[in-house]
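Student: For reference, the chains in residue letters:
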Amino acid sequence: MARALITVPQDAKRGDVVEIRVLIAHPMETGFRVGADGRRVPRDILRRFTCRLDGEVVFAAELFPAVSANPYLAFPLRADRAGTLSFTWEGDGGFAQTETATLNVA
Amino acid sequence: MPMSLADRPDDPDLYRRGVLRAGGVLVALAVARPVLADANELKAAIAAYTGGRETKPGRVTIDVARLVDNGNAVPVTVRVESPMIAADHVRAIALFNERNPERDVARFALSERSGRAVVSTRIRLATSQQLVAIATMSDGTLWSGAVDVIVTLAACIEGEG
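These protein sequence lines map, in sequence, to chains A and B.
All residue numbers for the first sequence refer to this note's numbering, where the first residue is 1 and numbers rise by one.
All residue numbers for the second sequence refer to this note's numbering, where the first residue is 1 and numbers rise by one.
Because the hints were derived from the structure by calculation, they are not lab data.
C-beta atoms are modelled at their ideal positions from N, C-alpha and C, and glycine is treated no differently.
One or more of the hints may lead you astray.
To be verified - Pairs of lysine to any residue residues, derived as SDA-like cross-links and limited to a Cα-Cα distance of at most 25 Å, are as follows:
#1 13/A - 112/B
#2 43/B - 62/A
#3 43/B - 54/B
#4 43/B - 91/B
#5 13/A - 113/B
#6 13/A - 120/B
Said to hold, decoys possible - Residues of chain A placed beyond 12 Å of chain B at every Cβ, according to the derived structure:
#7 3
#8 11
#9 39
#10 104
Bound conformation, chain B alone (with noise of 0.2 Å):
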């Protein structure tokens, strides 16, 4: 509750008690957020997106710097292993982050007009975390591909979008 000047504690001690505890609440909501969203909730996003379905590691690549300087635009490139024939070819792409207030980045749907299985974009990062990518494959198969980042400058917290 904001304190006015009028209800303000006759003791000064007692005022300034008041401001810290405020203080106190403000850094706690602060550190709660990237803590609350871990690594389990990367997993049920992911769990949601393949249905279940099992997802093995390999064939995708996430090009991304491994040291980040500034949160608010990471090139990143996610590649995929396939042939891109009509027979066999990438239907989908698919980026998850661990720790963004939200667990998708982005989801990309090609096919085999595409020729390569790559794909570049520009992508927001709170902070140090991890990236994932599932590749959906013509025939069913899912396979993935993780990287971990550090980041020095955050996005959404700090400076322009």
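Okay, chain A solo, but in the shape it has when bound (with noise of 0.2 Å):
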């Protein structure tokens, strides 16, 4: 498991739009690079990121080599209702990774 950072501010009222950030470990090794024994490093990267409030998406990214190592994103939600958020990274190698955080809205 890779170590997964998320802050989901905790004081919203309702309506309001509060910004959720995630980063995620992981080396995003884009398949350019050369190695010490000459060779190609094979491409490792996160390929998808979803963020479900209760079962439904409402945020989600496609992520490419240009996205730097231990990808890092912030967007914005508006906080309607109380619920588990639940954040998915999909990638190379059959990565798959699900974090839950709650979000409380006053």
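Assembling the complex is the task here: the two chains are given apart, and the hints tell you how they should meet.
Tutor: What follows is the structure, given as structure tokens:
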């Protein structure tokens, strides 16, 4: 399991737009670099990120090798209701990881 | 072809020439790459994404340092002017670059539930180049924004990823 950092503001009022920030530990190997043995290091990137609120997709991203190692994403969400946010990363080599966080709405 | 000690020409001048020639080929390869990836390729990548539909300049802003000292992790924020209501919101934002090995950087899917059309991430930049963001609105119109950045330490070529 890769280490993931998820920041969800906990003091949102109903209707506020909050910024959700996520970061996951991943090398995002581009497939363009040459290793010490002179061979190309095979590509190993995260290709897809999805954020769902109680199962409904609220944000998604498609990532390419031009995204930095340890991909960081910050995106907005209107806090209409409280619920469980799930964050899924999928990538090369069958990488899949899901984390959850609670969205509280005052 | 690598030369072993055994098949070194006897004449030291000839050997030196061979080594110089091999070095010249390496330099040419290193220089050729960024030149090949030019603005036309960027236009083609954008056209493939938009399906050739008209893209109007405006409404999209790319926030990025104009002078980047480390291309391995460049913070970028893309903002789109939009009320983000059910009738009028941003559906997608795609970010492209001019001179990395691949034209795509990232694509984001938003909805009226986003409330605001702002997305931030960190990207790699291989060299000084142009960044272009395309926003797709809920009514199907396309808007674009572009910015030029200067990179002093490149990603992809040197250093860790």
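Student: Please verify whether residue 43/B and residue 54/B have alpha carbons no more than 25 Å apart.
Tutor: The hint holds at about 12 Å.
Student: Between residue 13/A and residue 112/B, is the straight-line Cα distance small enough, at 25 Å or below?
Tutor: holds, 18 Å
Student: Need the status of pair residue 13/A, residue 113/B: alpha-carbon distance at most 25 Å?
Tutor: Answer holds: residue 13/A to residue 113/B is near 15 Å, not above 25 Å.
Student: With d taken as the least Cβ-Cβ distance between residue 11/A and chain B, does d exceed 12 Å?
Tutor: holds, 16 Å
Student: Please settle this one: residue 104/A was flagged as non-interface, so is its CB more than 12 Å from every CB on chain B?
Tutor: At roughly 17 Å from the nearest Cβ of chain B, residue 104/A sits farther out than 12 Å, so the non-interface label holds.
Student: Do the alpha carbons of residue 43/B and residue 62/A lie within 25 Å of each other, as the hint requires?
Tutor: holds, 20 Å
Student: Can the restraint linking residue 43/B and residue 91/B be considered satisfied, given a maximum Cα separation of 25 Å?
Tutor: Cα-Cα ~21 Å, so holds.
Student: Please confirm whether residue 39/A is truly not at the interface, meaning its C-beta sits more than 12 Å away from all C-beta atoms of chain B.
Tutor: holds, 16 Å
Student: Does residue 13/A pair with residue 120/B here, judged by a C-alpha cut-off of 25 Å?
Tutor: holds, 23 Å
Student: Taking the minimum C-beta separation from residue 3/A to chain B, is that value above 12 Å?
Tutor: Non-interface label on residue 3/A holds, nearest chain B Cβ at 17 Å vs cutoff 12 Å.
Against the hints set out earlier in the document, no violation occurs for any number.
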